[in-house]
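**Q** Chains as they are written, first to last, in this note's numbering: chain A, 27 to 365; chain B, 27 to 365; chain C, 27 to 365; chain D, 27 to 365.
A portion of the hints provided could be inaccurate.
With a Cα cut of at most 20 Å, we get these calculated SDA-like pairs of lysine to any residue [claimed, not checked]: (1) B/Lys222 x A/Gly185; (2) B/Lys303 x D/Pro159; (3) A/Lys303 x B/Ala76; (4) B/Lys303 x A/Tyr164; (5) A/Lys303 x B/Glu195; (6) A/Lys303 x B/Gln90; (7) B/Lys229 x B/Glu199; (8) B/Lys222 x A/Pro159; (9) A/Lys303 x B/Asp86; (10) C/Lys222 x D/Arg100; (11) A/Lys303 x B/Ala77; (12) A/Lys222 x B/Glu195; (13) A/Lys222 x B/Ala76; (14) B/Lys303 x A/Asp87; (15) A/Lys303 x C/Arg93.
Which stretches of chain A does chain B cover? Using the computed rule of at least three CB atoms under 8 Å from a CB of chain B, they are [unchecked claim]: (16) 74–84; (17) 117–125; (18) 151–164; (19) 287–294.
Honestly, the hints are just simulated from the structure, not real lab data. Using N, Cα and C, we set each Cβ at its ideal position, and we do this for glycine too.
4 protein chains.
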Amino acid sequence: MLIILRPDASSSDRDRVVALIERLGFTAQIIEGVQRDAVAIVGNDGRVDAARFTALPGVDDVIQITRPYRMVSREWRAEPTVVSLPGGRTIGGPELLIVAGPCSVESEAQLFGTARAVLAAGAGALRAGAFKPRTSPYAFQGLGDEGLELLAAVRRDTGLLIVTEAMDEEGLERVAEVADIVQIGARNMQNYALLKRAGRAGKPVLLKRGMSASVADLLLSAEYVLSEGNPDVILCERGIRGADPGTRNLLDLSAIPSVKSLSHLPIMADPSHGTGKRALVPAMARAAIAAGADGLLIEVHLNPAEALSDGAQSLYPEQFALLMGELRGIAGVIGRRVS
Amino acid sequence: MLIILRPDASSSDRDRVVALIERLGFTAQIIEGVQRDAVAIVGNDGRVDAARFTALPGVDDVIQITRPYRMVSREWRAEPTVVSLPGGRTIGGPELLIVAGPCSVESEAQLFGTARAVLAAGAGALRAGAFKPRTSPYAFQGLGDEGLELLAAVRRDTGLLIVTEAMDEEGLERVAEVADIVQIGARNMQNYALLKRAGRAGKPVLLKRGMSASVADLLLSAEYVLSEGNPDVILCERGIRGADPGTRNLLDLSAIPSVKSLSHLPIMADPSHGTGKRALVPAMARAAIAAGADGLLIEVHLNPAEALSDGAQSLYPEQFALLMGELRGIAGVIGRRVS
Amino acid sequence: MLIILRPDASSSDRDRVVALIERLGFTAQIIEGVQRDAVAIVGNDGRVDAARFTALPGVDDVIQITRPYRMVSREWRAEPTVVSLPGGRTIGGPELLIVAGPCSVESEAQLFGTARAVLAAGAGALRAGAFKPRTSPYAFQGLGDEGLELLAAVRRDTGLLIVTEAMDEEGLERVAEVADIVQIGARNMQNYALLKRAGRAGKPVLLKRGMSASVADLLLSAEYVLSEGNPDVILCERGIRGADPGTRNLLDLSAIPSVKSLSHLPIMADPSHGTGKRALVPAMARAAIAAGADGLLIEVHLNPAEALSDGAQSLYPEQFALLMGELRGIAGVIGRRVS
Amino acid sequence: MLIILRPDASSSDRDRVVALIERLGFTAQIIEGVQRDAVAIVGNDGRVDAARFTALPGVDDVIQITRPYRMVSREWRAEPTVVSLPGGRTIGGPELLIVAGPCSVESEAQLFGTARAVLAAGAGALRAGAFKPRTSPYAFQGLGDEGLELLAAVRRDTGLLIVTEAMDEEGLERVAEVADIVQIGARNMQNYALLKRAGRAGKPVLLKRGMSASVADLLLSAEYVLSEGNPDVILCERGIRGADPGTRNLLDLSAIPSVKSLSHLPIMADPSHGTGKRALVPAMARAAIAAGADGLLIEVHLNPAEALSDGAQSLYPEQFALLMGELRGIAGVIGRRVS
């Protein structure tokens with residue numbers, strides 16, 4: 027951590043910074059500049075809180091050099107985390123995990139029909155929401171427990187892994203009983219009570235990036251889960267708020283190689299929420315795999331025109347099957363495979 | 027709601043749109059264009075879900091004309107909501123509510139000292155966090171219940187109203203016992219479980235705008251609280267993620283007159299979190315009042331250099347007293363007053 | 027175009043809107059709603075200026091239905107534009123154009139060395155700047171005319187096509203004498219004097235998206251060039267300002283399928299400026315091709331550590347050669363080819 | 027400048043960084059960390075180009091400590107620049123400059139009528155465009171030279187100072203003959219050829235912030251003008267692209283105290299373009315003055331409903347007169363005055 031002093035800082039301002047560094051148990055190193063001085067903290071292992079220094083008189087800015095997270099970083103663990111899933115499947119290794127399904131569980135017929143279609147096309151897991159976070163209180167909020175029961179039934183019937191979202195602490199326990207991967211949605215990325223509970227869920231956690239979160243914010247939220255004892259966190263890029271009103275979200279694929287360089291955790295992409303438009307999904311799904319994503323979340327619906335939510339971004343089963351062929355080809359080019 | 031068809035939409039695509047509108051109980055009106063047609067929904071009272079139409083074949087886009095919220099809108103209630111607070115204070119009427127205090131409750135001495143200083147300068151309420159949402163799991167997380175007890179004590183001692191944040195459903199009940207206004211933070215603006223619980227809290231709710239939320243998103247989150255039966259929602263602009271890495275957040279003061287034109291709810295501004303830098307706080311506090319804010323949240327600390335969080339944006343008590351004088355002057359120019 | 031009236035608009039407000047529509051030579055269609063009315067303009071061919079209506083009393087908003095551009099749209103020309111280049115090369119058809127080279131022309135040795143390396147790896151064109159737009163007036167501004175002469179020499183020597191930037195009207199004429207494709211940079215995307223001159227340049231124009239431009243803004247800027255008589259415009263996504271200070275820019279690959287759905291013009295991607303970090307370039311280059319880009323601009327430097335500008339994002343020649351192999355593989359999967 | 031090394035950088039990587047610092051004539055100071063080392067450049071006066079270091083092997087990041095601009099900074103000149111204007115007026119001192127008028131010069135009647143109205147209400151200068159940068163080539167582009175002649179006539183007739191925009195180098199010379207202040211628009215903030223010409227214009231320059239420019243970018247563009255010999259630069263905040271599609275732009279008033287703390291140059295605000303909506307203009311105009319702006323640019327039109335451009339954000343003359351009264355009151359509270 028580097029504490030930059032103001033050009034007009036006094037020597038007693040500088041001494042106060044040095045004294046606090048030493049009081050916290052670290053060593054201070056002074057850098058004398060032409061316009062201004064700076065003081066480096068030597069020995070910081072990533073846990074010094076910048077806020078302690080920014081408030082001191084004469085301090086202009088505090089620059090993080092050591093990254094603010096620990097257990098999620100490549101420095102903590104050099105090898106990629108490979109999360110083991112039931113049925114011998116994994117995510118984070120050479121094999122890609124393609125998760126497909128409808129936005130919401132709507133009915134037995136819709137869920138089983140879509141599940142069989144995505145299984146036939148080669149998906150490894152089914153995603154469908156029983157609890158839905160909706161911007162408007164008047165929009166369809168999901169089937170709740172009844173939806174969870176249908177998901178459990180489809181799991182028994184098809185062998186597909188289940189990925190579904192938990193929206194609150196109480197719901198998380200019920201979701202964790204049914205799901206193979208518990209999803210924390212973008213709106214809850216900084217719901218710390220929920221993250222801590224997810225750290226004790228006993229199931230892998232799929233953590234979606236918040237709509238204006240930086241990659242560092244995402245990693246810090248993952249750190250909450252790891253620091254509670256759950257090492258199986260799968261990150262997911264799902265689009266951030268962008269400057270262009272023409273697209274619902276802006277899928278930031280550069281987050282994929284960025285995360286890979288900073289962290290050992292696997293990362294997926296969600297091109298359906300990340301674009302909001304069916305016509306853009308196949309291109310962005312291919313691009314995500316080419317960029318190195320460890321898997322995809324793709325919305326597929328037997329009959330998008332009848333979907334109760336997010337139909338506009340859901341692929342038809344035939345489109346999904348066609349896309350799977352392209353994904354297999356691209357995976358092969360970069361030395362990976364779709365099971 | 028206007029459903030825009032693609033230039034190559036067929037007449038059966040158009041018929042399908044019309045049929046769904048009629049099935050939902052509304053009337054369809056066709057607008058024939060040169061390049062493309064559109065279909066308007068006549069009779070929508072704000073609760074038709076756009077997602078039902080975006081997924082239909084031949085549909086290019088769906089445009090909201092009727093606003094998606096109801097109870098928070100000016101159309102629902104033309105007169106401004108004036109929230110009554112203990113001690114005869116109000117927010118939303120001619121009187122401004124200035125809420126000041128430290129980011130976190132740190133100790134009895136710090137809390138009582140700061141409370142007396144802000145009371146002397148004319149603040150109407152004290153803000154201080156007992157539960158702190160922190161980006162890093164290693165940063166100071168607040169004193170918890172012990173902090174709530176100190177807040178209750180300072181309330182008895184000084185008569186200042188108490189504003190403090192609830193981060194989860196369980197905590198909300200404890201906070202609501204002590205606080206005069208329960209704060210929902212920016213990171214939880216779309217934590218719908220928490221919003222619904224706040225709708226049954228029996229206390230006014232201060233709802234902060236999320237870091238990438240539009241004004242419409244903020245109003246929809248407030249709609250969650252109102253639709254559960256709590257009419258006393260106070261909105262708060264606290265800065266959104268901006269393009270300039272030189273400032274922590276971008277305080278969007280235009281949200282103040284925007285909210286005033288769309289909604290009857292009061293709105294405050296938080297220039298401390300909204301700028302992150304002490305040197306910018308007085309200018310933006312004055313600007314917020316000049317823009318029509320119904321109140322302010324300002325961080326003040328007896329000794330910012332010793333603060334455990336957010337010291338860099340906390341005013342010294344003398345700065346706050348000076349600022350209060352300017353705020354009184356500006357309030358007078360626009361026909362309002364600081365009590 | 028749809029003119030949305032305010033809930034409190036009077037019937038004379040509505041009549042005034044209708045009268046202006048008819049005065050402009052179009053037909054008005056009224057849509058009566060529950061909360062508010064709207065008026066549609068029937069017959070608009072994309073050239074009605076919304077600003078004429080937004081200012082009328084009682085008008086709340088004006089919504090574009092007809093797209094504001096004409097000649098660049100799919101409705102104007104259904105087939106993709108394939109730009110012919112010297113030597114039988116093209117862009118916009120099945121063949122991808124890979125343009126590589128250093129940020130700036132620095133010296134004869136640097137330029138010829140890099141040119142031969144990228145030619146050997148399979149690049150079809152060389153990019154290098156003689157005139158450099160730099161944020162700081164104290165940064166290296168390019169070799170100017172001397173740089174253009176070196177580019178002409180390398181063209182004669184290697185047969186590589188030349189892509190280089192023009193920054194002002196006078197320079198554009200000199201650049202157009204040497205370049206096979208004249209680049210207009212992101213900072214000049216809305217420099218309309220320059221765009222009009224580019225419309226009369228007699229050479230294909232590579233138009234980079236501005237740092238906060240929407241896809242519609244980019245297409246409108248291209249419309250300036252086409253409307254002056256030059257149909258050979260190649261768009262380029264190069265990263266927009268994003269929310270994450272950890273990356274210089276945010277490469278918005280969804281712009282590629284978006285542009286493809288709206289326009290017949292070819293579009294390239296620039297993963298070097300779009301990420302600013304060498305470690306991210308290969309992943310994003312692969313992703314851009316997978317997303318359907320018609321070509322790439324990639325910075326390659328014989329010795330990035332000695333580059334006078336943008337060395338941090340330049341690939342080593344060996345990295346570029348390796349990447350070309352991957353790009354060939356991905357192109358094959360989606361039915362395209364690298365020459 | 028601080029060069030942060032990668033955790034896996036070798037000692038020869040570190041030596042190479044040190045060698046380059048010494049080759050450029052500065053002193054290197056090494057900071058040894060737990061995870062990684064860093065090297066500080068001692069003696070940098072703000073002109074070292076970061077790009078020279080980011081490309082070196084083993085370098086992870088380069089952090090600017092010394093600001094990248096010089097002549098515009100408070101360190102270069104501690105006292106605020108007060109720009110002298112004809113008729114004894116100034117900007118940058120205690121007196122505020124209120125500039126008002128229509129977006130475009132449309133006709134003699136419109137221009138003279140509006141000029142007299144804003145003069146009567148107390149404006150010090152008239153703004154109106156003869157050359158208009160329009161997103162669409164089909165929108166009204168201004169009257170050109172005829173507009174300049176009308177501006178010269180209104181200046182003779184009313185004594186109002188003239189502020190008008192130059193869009194290209196050739197136009198700048200003609201504009202500088204007529205205008206008292208030459209405006210460079212947001213779209214041209216990084217048109218360096220135009221900035222250099224403005225540096226030799228012999229007239230004060232009003233430089234508007236680009237739509238995604240940071241405050242540092244704005245100051246660097248001003249540096250281009252100053253470094254060509256023109257010290258009279260007036261900055262202007264006019265709204266940046268924001269996350270909310272509900273507003274055209276996001277007026278970033280925090281730029282005002284930010285610029286004041288970093289630079290000696292005066293800064294105005296343009297609440298008309300900054301909001302795009304008439305209903306928001308008075309609130310944001312008041313807020314800008316309260317935040318410390320040295321002046322305002324406000325669109326006023328005799329008959330906004332007939333305006334050829336930007337009518338939706340133009341005030342009626344009576345609204346402007348009312349606003350001027352409020353601005354005088356707020357100016358008085360903070361020790362400034364409207365002439």
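**Q** Does the segment 117–125 of chain A contain three or more residues whose Cβ lies closer than 8 Å to a Cβ of chain B?
**A** violated (count 0)
**Q** Would you check the hint for lysine 303 of chain A and glutamate 195 of chain B, treating anything up to 20 Å between C-alpha atoms as holding?
**A** violated, 35 Å
**Q** Measure nothing beyond the straight line between the CA atoms of lysine 303 of chain A and alanine 76 of chain B; if it is 20 Å or shorter, mark the hint as holding.
**A** At roughly 13 Å apart (the allowed maximum being 20 Å), alanine 76 of chain B and lysine 303 of chain A satisfy the hint.
**Q** Just to be careful, I want the Cα atoms of lysine 303 of chain B and tyrosine 164 of chain A compared with a cutoff of 20 Å; is the pair within it?
**A** violated, 39 Å
**Q** For the segment 287–294 of chain A, does the count of residues with a C-beta closer than 8 Å to a C-beta of chain B reach 3?
**A** With 0 residues in contact (Cβ-Cβ under 8 Å with chain B), the coverage given for the segment 287–294 of chain A is violated.
**Q** What's the verdict on lysine 303 of chain A and arginine 93 of chain C, does the C-alpha distance respect the 20 Å limit or exceed it?
**A** holds, 18 Å
**Q** At a Cβ distance under 8 Å, does chain B reach at least three residues of the segment 151–164 of chain A?
**A** holds (count 6)
**Q** Given the hinted pair lysine 303 of chain A and glutamine 90 of chain B, is their alpha-carbon gap at most 20 Å?
**A** Within the cut-off at roughly 17 Å; holds.
**Q** Under the criterion that the straight-line Cα-Cα distance not exceed 20 Å, is the pair lysine 303 of chain B, proline 159 of chain D satisfied?
**A** violated, 36 Å
**Q** Taking 20 Å as the top limit, are the C-alpha atoms of lysine 222 of chain A and alanine 76 of chain B close enough?
**A** violated, 35 Å
**Q** For the pair we were handed, lysine 222 of chain C and arginine 100 of chain D, check the Cα-Cα distance against 20 Å.
**A** violated, 40 Å
**Q** For a C-alpha distance cap of 20 Å, please report whether lysine 303 of chain B and aspartate 87 of chain A respect it.
**A** holds, 10 Å
When the structure is compared with the earlier hints, violations turn up for hints 1, 2, 4, 5, 10, 13, 17 and 19 and for no others.
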